Every structure is written in C-alpha cells, then in structure tokens.
Amino acid sequence: MPIRLYMLQRLSALVMAPLVLVHLAVIIIAVRSGLDAETLLGRTRGSLVWGLVYGTFVVAVSIHAAIGLRTVLDEWAHIRGKALDAAMWAIGLGLLGLGSRAVYAVTVG
Amino acid sequence: MSDGIDNAAATDTLDVRVWRGDERGGDWHAYRVPAAANQTVLDVVTWIQRHREPNLAYRFACRVGVCGSCAMSVNGEPRWTCRTHVQDAARDGVLRIGPLRNLPLVRDLACDMAPFFDRWQEAGGRFVPSSDRHADIAAISPESPARRIADAAIQCINCAVCYAACDVVQWKPDYLGPAALNRAWSLVNDERDAGNKDRLRAVAGDAGCHNCHSQHNCTRYCPNQLDPGASIAGLKRTTMKAALKGQL
Ligand code: SF4
Ligand code: SF4
Ligand code: FES
Numbered sequence: 001m002p003i004r005l006y007m008l009q010r011l012s013a014l015v016m017a018p019l020v021l022v023h024l025a026v027i028i029i030a031v032r033s034g035l036d037a038e039t040l041l042g043r044t045r046g047s048l049v050w051g052l053v054y055g056t057f058v059v060a061v062s063i064h065a066a067i068g069l070r071t072v073l074d075e076w077a078h079i080r081g082k083a084l085d086a087a088m089w090a091i092g093l094g095l096l097g098l099g100s101r102a103v104y105a106v107t108v109g
Numbered sequence: 001m002s003d004g005i006d007n008a009a010a011t012d013t014l015d016v017r018v019w020r021g022d023e024r025g026g027d028w029h030a031y032r033v034p035a036a037a038n039q040t041v042l043d044v045v046t047w048i049q050r051h052r053e054p055n056l057a058y059r060f061a062c063r064v065g066v067c068g069s070c071a072m073s074v075n076g077e078p079r080w081t082c083r084t085h086v087q088d089a090a091r092d093g094v095l096r097i098g099p100l101r102n103l104p105l106v107r108d109l110a111c112d113m114a115p116f117f118d119r120w121q122e123a124g125g126r127f128v129p130s131s132d133r134h135a136d137i138a139a140i141s142p143e144s145p146a147r148r149i150a151d152a153a154i155q156c157i158n159c160a161v162c163y164a165a166c167d168v169v170q171w172k173p174d175y176l177g178p179a180a181l182n183r184a185w186s187l188v189n190d191e192r193d194a195g196n197k198d199r200l201r202a203v204a205g206d207a208g209c210h211n212c213h214s215q216h217n218c219t220r221y222c223p224n225q226l227d228p229g230a231s232i233a234g235l236k237r238t239t240m241k242a243a244l245k246g247q248l
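Taken in order, these protein sequences are the chains called A and F.
Numbering-wise (our numbering), the first sequence opens with residue 1 and increments by one.
Numbering-wise (our numbering), the second sequence opens with residue 1 and increments by one.
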C-alpha cells in the first residue's frame with residue numbers, strides 16, 4: 001500500500017473513532033427515551049450540526065473502507081495495478097453515494 | 001569429513017520425510033535415519049544424501065550458522081537447519097523436511113533465492129557512499145543512537161527464514177518483505193550513507209513497508225534474533241515524517 005493511502009487510512013480512523021461513539025450514543029439515547037421516527041426526524045431535519053456529524057462520518061467511512069478493501073482485494077483476490085485502484089475508487093464512491101443519500105434524507109428530507 | 005552419525009553409537013532411528021520434486025510437482029519420501037546425540041536437521045539431510053539419495057538437491061556451506069544458505073521448512077516451520085537440533089524440531093517423533101516457502105523451487109530442498117535478493121536491491125539495500133576513498137575514515141561512535149539502531153539490524157545472514165515466515169510475502173509476492181526492509185532500516189540509520197532519499201521512496205511505495213501487518217512472524221523465526229518487525233515499524237515512522245515534510 002502506498003504511503004499516502006496508509007496515512008489517509010490512519011487519518012480517517014482518527015476521525016471515525018469519536019464519531020462512532022457519538023453514533024452509538026445517539027442510538028442508545030433514542031431507543032431508551034422511546035422516541036419515534038417522526039420525532040427523531042423532526043430534530044435532525046434542518047440541523048446543520050447533525051448534517052456535519054453524519055456527513056463527516058460518511059466521508060471518513062468511505063475513505064477508510066475503500067482503502068481497507070483495496071488491501072483485502074490485493075492480498076486475497078490478487079487484483080493488481082489499475083484494476084485494484086479502480087476497485088478502490090468504485091467502493092469509495094459507492095459508499096459515499098449511499099451514505100450521502102442517507103444523510104440527505106435525515107437532515108434535509 | 002565425519003557427518004556425525006555413522007560413527008556415533010546409533011541405537012535408534014529417526015522417522016524422516018523429505019519432499020522431493022520440482023516446480024511441476026513432487027512428493028514426500030520416507031527414510032529411516034540413524035539417530036545420534038546433538039544431531040542437526042542438516043546432519044539428517046546430509047546422511048540421506050550420502051547413504052540413500054545421491055542426487056538429493058539441498059544447499060549448505062558453513063554448517064555453523066554464518067552463511068545463511070541451509071534454511072528449509074522443518075515440520076512446517078522455516079529454520080536454519082545447521083543449527084536446528086533434531087530433538088527440538090521433531091514432532092511426535094517425525095521430521096518433515098521441505099523447501100522454504102515463498103520462493104521458486106529449483107529441486108527438492110533447494111530454492112531459487114533470486115527473488116529474495118531482488119527485493120533487497122528494490123528496497124535500496126545497497127550502501128551509497130557519502131564520500132570517496134580519499135576522505136578520512138568517518139568517525140562514528142558505536143554509542144551514538146543512530147549507530148545502535150543500525151547495529152541492531154545489521155547481523156542478517158540472508159537466510160530468507162523471515163521471508164518464508166511472512167504471510168504478506170505469500171499473498172503479495174512483490175512485497176519487499178522483512179529482510180530487505182530490515183536492511184533498508186539499517187542503512188537509513190547509517191550516518192555514512194547518502195542514499196536515503198531514494199531508499200525512503202522505495203520503501204514507501206506500493207510494495208513497501210506499509211503492507212506489513214505487524215504480527216512479527218519474521219521476528220519470531222529469525223535465527224539471529226533480529227527484529228525485522230521493529231525495523232519495519234521504524235521505517236513506517238520515518239517515511240511518515242518524511243511525507244509530512246513533503247520529502248517523499
Ligand atoms: S511483521 Fe510484517 S514483515 Fe514480519 S512477518 Fe508480519 S507482515 Fe511479514
Ligand atoms: S532478518 Fe533474520 S531471518 Fe531474515 S534473512 Fe536476516 S537473518 Fe535470516
Ligand atoms: S550452513 Fe551456513 S548457516 Fe547453515
């Protein structure tokens with residue numbers, strides 16, 4: 001793995017770690033306080049903070065997972081060269097697309 | 001030259017299986033070999049070659065752990081056979097001796113070491129002088145921190161035991177591997193060397209040190225008690241600092 005990808009993967013992990021905790025806390029609080037979907041969406045829609053939290057999370061996950069899966073494909077499927085980088089980009093952009101759709105749905109509507 | 005077995009008081013025999021064949025295929029062959037005190041795995045192979053299979057291919061030179069040419073797979077683990085005692089290596093009384101993995105096979109127990117030495121060159125494992133023969137001898141204190149790090153990694157005998165022990169080498173054959181990276185780390189810390197720019201670039205590439213999973217199989221098996229895993233961690237830190245400074 002080239003050093004730039006290595007550093008990006010560490011950096012994205014650093015960003016993800018606190019956001020995972022925030023996400024877990026949100027789930028626990030939401031479930032324990034018995035909020036229904038409507039109330040939750042009412043709080044997240046139009047909220048810049050939630051948009052930023054989950055937007056950043058989605059970007060970090062897309063980068064981190066794409067680089068990690070690049071290594072798995074390299075070592076286990078023996079995909080090399082341009083095909084390997086193409087697969088990495090496809091995974092990253094795919095996750096970014098799916099994640100952004102979800103963030104849009106929760107924060108904009 | 002005595003092989004240490006014929007003239008010993010051999011009361012017992014060993015159950016030995018040796019892999020014979022080439023790249024196209026092969027099989028395990030069974031032999032009974034007279035047991036002797038302090039017998040090494042290389043003694044066993046030599047006995048089979050002298051008494052049973054004159055055309056058995058294997059490699060050795062020094063027989064005292066210096067040249068690094070006798071490494072084989074013994075009961076599935078890479079070992080220097082001239083310093084591995086049968087009593088430590090046998091499992092349930094059986095000794096299975098095969099060629100090292102992760103290297104092309106020449107025949108029987110002899111591997112082609114060329115890819116291993118190619119990685120050495122690709123990792124910038126060659127000393128690049130910073131002055132010429134007319135300059136005074138560089139005064140390097142053996143106590144200086146950099147020299148201590150260089151010395152800790154320098155006693156490599158090129159046996160390829162670590163290379164055979166590394167799963168990443170198996171999965172990604174162009175990975176530079178523990179021995180070449182360990183050598184690069186020794187040179188990175190050699191104050192007389194002038195090749196670090198290219199070297200750091202080489203070890204930071206797609207086949208470089210960042211492929212290492214840090215599980216230290218290399219360190220576990222290195223017969224010279226070197227720590228290639230720690231050397232690779234050092235390379236990761238140094239290349240990262242260089243990248244942050246825009247030097248890569
Ligand atoms: S620590 Fe790195 S070089 Fe050593 S065996 Fe593991 S992956 Fe290979
Ligand atoms: S680092 Fe150790 S195991 Fe690897 S080639 Fe050198 S001496 Fe052999
Ligand atoms: S024969 Fe030289 S190291 Fe074993």
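The set of hints was computed from the structure by calculation and includes no laboratory data.
Because the structure is a prediction, the values reported are computed rather than measured.
Hints may contain errors.
To be verified - Think about it this way: if two alpha-carbon atoms lie no more than 30 Å apart in a straight line, the pair counts; the simulated DSS-like pairs of lysine-lysine are:
# : chain 1 : residue 1 : chain 2 : residue 2
1 : F       : 197       : A       : 82
2 : A       : 82        : F       : 245
3 : F       : 236       : A       : 82
4 : F       : 197       : F       : 236
5 : F       : 241       : A       : 82
6 : F       : 197       : F       : 241
7 : F       : 197       : F       : 245
Said to hold, decoys possible - Derived list of chain A stretches under chain F, where covered just means 3 residues or more per stretch with a C-beta under 8 Å from a C-beta of chain F:
# : segment
8 : 3-13
9 : 70-76
Cβ atoms here follow ideal geometry from the backbone N, Cα and C, with glycine treated the same way.
With a Cβ-Cβ cutoff of 8 Å, does the segment 3-13 of chain A contain at least three residues near chain F?
-> holds (count 5)
Are the Cα positions of residue 197(F) and residue 241(F) separated by 30 Å at most?
-> holds (13 Å)
Below or equal to 30 Å on CA atoms is what counts here, so check residue 236(F) against residue 82(A).
-> holds (25 Å)
Is it true that the CA of residue 82(A) sits at most 30 Å from the CA of residue 245(F)?
-> holds (28 Å)
Between residue 197(F) and residue 82(A), is the straight-line Cα distance small enough, at 30 Å or below?
-> holds (26 Å)
Within 8 Å of chain F's CB atoms, at least three CB atoms from the segment 70-76 of chain A: coverage verdict = This one holds; 4 residues, not fewer than the three required, reach chain F with a Cβ under 8 Å.
Given the hinted pair residue 197(F) and residue 236(F), is their alpha-carbon gap at most 30 Å?
-> holds (15 Å)
30 Å Cα cutoff - pair residue 197(F), residue 245(F) | Measuring from Cα to Cα gives roughly 13 Å; hence the hint holds.
Take the C-alpha atoms of residue 241(F) and residue 82(A), compute the straight-line distance between them, and say whether it is at most 30 Å.
-> Given pair residue 241(F), residue 82(A) holds - Cα atoms ~28 Å apart, limit 30 Å.
Violated hints are absent here; each numbered hint is respected by the structure.
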